[in-house]
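S.K.: So the chains spell out like this:
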Amino acid sequence: MSDTESTPIVRELTPAELEAIQLERPDFEVQLQSLSQWQLAWRRFKRHRLAMVGAVLFLGMCAVAIVGPILLPYNFYVIPTPDKVVYAGRPPSLAHPFGETGGLQRDVLTLVVNGARLSLLIGVGASMVGATLGAIVGGVAGYFGGWVDNILMRIVDIMLSLPLLFVILVVSKFLGSGSWYLIMLIFAIFSWPGISRLVRSLFLSLRGEDYVDAAHAAGVGDARIIFRHILPNAMSPIIVAATLSVVSVIISEAFVSFLGFGVDVTQPTWGNVLSNSLNFISLGNWWWPLFPGLAIVVTVLGISFMGDGLRDALDPRAKE
Amino acid sequence: MLRFIVRRVLGAIPVLFGLSVILFLFLRLLPGNPAVAILGQHATPQLVAQINASLGLDKPLYVQYLQYVWGLLHGNFGASFVDGRTVASTFLVRFPSTVELTVGALIFAVGLGIPLGRLAARHPNGWIDGAVTVLSLFGISIPIFVLGYTLVFIFGVELHWLPAIGQLDPRLNVTPVTHFAIIDAILSGRAAAVEDAVAHLILPSIALGSIPLAIVTRITRASVIDVSNEDYVRTARAKGLTEKRVDDRHIMRNAWLPVTTVIGLQVGSLLAGAVITETVFAWNGVGSWVVTAIENHDLIVVQSLIMIFALIFLTVNLLVDIGYAVLNPRIRYG
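Protein sequence lines, in the order shown, are assigned to chains U and P. Counting in my numbering, the first sequence runs from 31 upward without gaps. Counting in my numbering, the second sequence runs from 67 upward without gaps.
Worth flagging that the hints you see were computed from the coordinates, not collected in a lab. Only a predicted model underlies this, so the values are computations on that prediction, with no experimental measurement involved. Here a beta-carbon is modelled for each residue, glycine too, at the ideal position from N, C-alpha and C. Be aware that a few hints might be false.
Unchecked claim - Residues on chain U that point at chain P, a partial pick, calculated with CB under 8 angstroms: (1) 177; (2) 181; (3) 182; (4) 183; (5) 197; (6) 252; (7) 258; (8) 327; (9) 331.
Stated by the list, open to error - Computed Cβ-Cβ distance ranges for the label pairs, DEER-style: (10) U/48 x P/196: 50 to 60 angstroms; (11) U/246 x P/311: 38 to 48 angstroms; (12) P/388 x U/209: 39 to 49 angstroms; (13) U/209 x P/127: 23 to 33 angstroms.
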C-alpha cells in the first residue's frame with residue numbers, strides 16, 4: 031500500500047514537463063477545421079485539372095466580354111469609313127491582329143470582343159431563367175404529385191416532342207424582331223422542360239426523406255419545404271444541368287443567326303458575326319469566320335470541361 | 067410486351083392532341099398575315115379578304131381547327147399558301163433526301179464512334195483515351211455549319227476531292243423515281259451516277275454526324291469500361307477464353323445496351339441538324355423546306371412539318387424503348 035503511494039502511477043506533470051509536451055505538439059492534437067459542403071466541392075473541383083482549365087477559359091471570356099470593349103481602340107458602334115475598299119478584307123496584321131472584314135473594313139477583334147457580351151449574356155441568361163422555371167415546375171410537380179404532376183408532365187412531354195429548332199426559328203422570326211433579350215427569352219422558354227424533368231425526379235426521391243417528414247410534422251408550409259428543405263439538396267444536379275445548357279444555348283444562337291432569324295447585325299453576337307462572314311467565304315478571307323468560330327469553340331469547350339468538373343465535384347457518388 | 071406497346075401508343079395520343087391544339091393556336095396568333103405575305107406590295111384590302119376567304123382564314127378559329135384535324139386524320143396536311151401544292155406531295159419528294167442525310171450521318175457516327183470508343187476504353191486514361199476524349203469534345207463544340215463550311219472550303223473548293231454542294235450532278239440526267247439520290251442512281255444503272263451520289267453524301271454526313279459521333283464515342287467508352295469491370299468478365303478471362311471472345315461475347319453484348327438507346331435518341335437532334343446541314347450544302351430536303359416556309363410565312367407547311375417531325379420523334383422514342391426491352395432481357399415492361 032505504502033509502495034504505491036510513494037510512486038504513484040498517476041501524478042501531476044511538473045511545469046517543465048508540461049511545457050515540453052506543449053512545445054512538442056503531440057500528434058494526437060489534430061487541427062480540425064470544419065468544411066461546408068461547398069468548400070468540399072470546391073476542393074474536389076480544384077483537383078479536376080481539366081475543369082480548372084475550363085473555368086479559366088470561361089471566366090477569361092467573361093472578363094473579355096466585360097472590359098474588352100472598353101479597352102479596345104475601336105468602338106463597335108462607330109462605323110469606320112474604309113480608306114480603300116478591299117472586298118476580301120485584310121489578313122491579320124499588327125494593327126488588326128484578327129484581320130479586317132471585307133466591305134466596311136471592320137476590325138474582326140472588335141467584332142469578336144463585342145460579340146462576347148451578347149453571346150454570353152444570352153447563353154448564361156437564358157440558362158438561368160430556364161433553370162429557374164424548370165426548378166419551379168419540376169419542384170411543384172415532384173412535390174405535389176397526383177394530377178398536378180400529371181398535367182405539368184404532359185405539358186413537358188409536348189414541349190419535349192416539339193422539334194425545338196423549328197419552333198425557335200418560327201418564334202424568333204415572328205416575335206424576335208432581332209432584339210437580343212427577346213431571343214434570350216425564347217431560348218429560356220424552350221430550355222426549361224428538360225431541367226424540370228430532372229428536378230421532378232429529384233423531388234420524387236427527396237420528398238420521402240425523414241427530414242421532410244420532420245418538417246411536415248413541425249408544421250412547416252409547403253412552399254418553405256420546397257424551397258428551404260428539398261431544393262438545396264437538389265441543387266447540385268440543377269447547377270450542372272444549367273451549366274451544360276449554356277453550351278447548347280450558345281450553339282443554338284449561332285444556328286438561329288446562321289439561318290437569318292437571330293439577333294440583328296447592329297448588335298453583334300458571335301453567331302451573327304460568323305454567319306455574316308460565311309457569305310463572303312469564297313473570297314478567301316478565312317480570318318473573318320475563323321475568330322468568331324474559335325471564340326464559340328473555346329467558350330463551349332471551357333463550359334463543357336467546367337460542367338464535367340462540377341458534376342464530379344458536386345456529386346462524388348455519380349463518379350464513373 | 068404487347069401491352070407495353072399498346073399503352074405507349076395510347077399514351078402518345080393526348081400528347082399529339084395537345085400538340086396539334088398548341089401548334090394551331092400558336093401559329094394563328096402570331097403577328098403577320100399570310101395573305102399580305104403572299105401578295106407582298108400588291109396587297110389591297112379587297113385582295114387580302116379574297117385570299118383569306120379562299121384559304122378559309124375568315125372562318126372562326128374552332129372551325130379552322132376542326133378542318134385542320136379532319137384533314138390530319140385523313141392524311142391530308144393541307145396545302146402550301148405559296149405554291150398551292152399539298153404538303154404531303156412535297157414532303158414525299160423532299161423527305162427522301164433528309165432520310166438519306168440522316169442515315170449517312172448515323173452510319174458515320176456509329177461506324178466510327180463505336181470503334182473509337184472501344185479503342186479508348188482499352189486503356190482508360192491512356193494517351194489514346196485522352197486523344198479520343200478531346201476529339202469528341204471538339205466534335206460537340208463545333209457548330210454544324212462551321213464544320214460544314216470548313217469541309218466545303220477544304221475538300222470542295224481547295225482540294226476538289228469531293229463535290230461541295232448538291233446531291234446529284236444534274237448533267238448526269240438521273241430520272242428521279244424514288245427521290246432517294248442513291249437509289250435513283252442505282253436504278254439508272256450507271257456506275258458513274260452511283261459514285262456521284264455517294265460522293266455528294268460524304269461531306270454532309272460528316273458535318274451532321276460530328277455531334278452524334280462524339281456522343282456515341284463517349285457512351286461506348288463509358289459503357290465498355292463499366293462492363294469490363296464486371297465479375298463475369300474476369301471469370302471469362304480466368305476460364306482462359308481468348309481476349310477477342312471475351313470482347314465480343316461478354317463485353318460488347320452487354321455494352322451495347324446504353325449505346326443503342328443513345329443512338330436512338332440522336333435521331334431527334336439529327337433531324338434538327340438537318341435543317342442547318344441542308345442549308346449549308348444546298349440540299350432540297352425537308353430541313354431547307356422548313357426554312358423557306360418560315361421565311362414565306364407559309365403557316366400550314368410549318369405547322370404540318372412540326373407535327374410530322376414530332377410524330378417521327380415520338381415513334382423513334384417508342385422504337386428505342388422497345389428495342390431496349392428486346393435487347394435487355396432483364397427489363398420486362400408490364
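S.K.: How about residue 197 of chain U: closest beta carbon in chain P under 8 angstroms, or not?
M.R.: 7 angstroms, holds
S.K.: Tell me if the beta carbons of residue 209 of chain U and residue 127 of chain P are separated by a distance inside 23 to 33 angstroms.
M.R.: 29 angstroms, holds
S.K.: Holds or violated: residue 252 of chain U as interface residue toward chain P, Cβ cutoff 8 angstroms?
M.R.: Result: violated, 27 angstroms to nearest chain P Cβ.
S.K.: Using the nearest Cβ pair, does residue 258 of chain U come within less than 8 angstroms of chain P?
M.R.: Violated: closest Cβ of chain P sits about 34 angstroms from residue 258 of chain U, beyond 8 angstroms.
S.K.: Verify the CB-CB distance for residue 388 of chain P and residue 209 of chain U against the hinted window 39 to 49 angstroms.
M.R.: 45 angstroms, holds
S.K.: Does the nearest C-beta of chain P fall within a distance shorter than 8 angstroms of the C-beta of residue 183 of chain U?
M.R.: 10 angstroms, violated
S.K.: Please verify that hint: residue 327 of chain U, Cβ, nearest Cβ of chain P, below 8 angstroms or not.
M.R.: With a closest approach of 5 angstroms, the residue 327 of chain U hint holds.
S.K.: Does the nearest C-beta of chain P fall within a distance shorter than 8 angstroms of the C-beta of residue 181 of chain U?
M.R.: Violated - the Cβ of residue 181 of chain U stays beyond 8 angstroms from chain P, reaching only about 10 angstroms at its closest.
S.K.: Can residue 331 of chain U be said to touch chain P, with a Cβ gap under 8 angstroms?
M.R.: 5 angstroms, holds
S.K.: Are residue 246 of chain U and residue 311 of chain P spaced within 38 to 48 angstroms by their CB atoms?
M.R.: Violated, at about 56 angstroms.
S.K.: Would you settle whether the hint for residue 177 of chain U is holds or violated, based on the nearest Cβ-Cβ distance to chain P being less than 8 angstroms?
M.R.: Hint violated; residue 177 of chain U Cβ to chain P Cβ min 14 angstroms, cut 8 angstroms.
S.K.: Just to be careful: measuring from the Cβ of residue 182 of chain U to every Cβ in chain P, is the smallest value less than 8 angstroms?
M.R.: Residue 182 of chain U check fails; min Cβ-Cβ to chain P is 12 angstroms, beyond 8 angstroms.
In this structure, the earlier hints numbered 1, 2, 3, 4, 6, 7 and 11 are contradicted, and the remaining ones agree with it.
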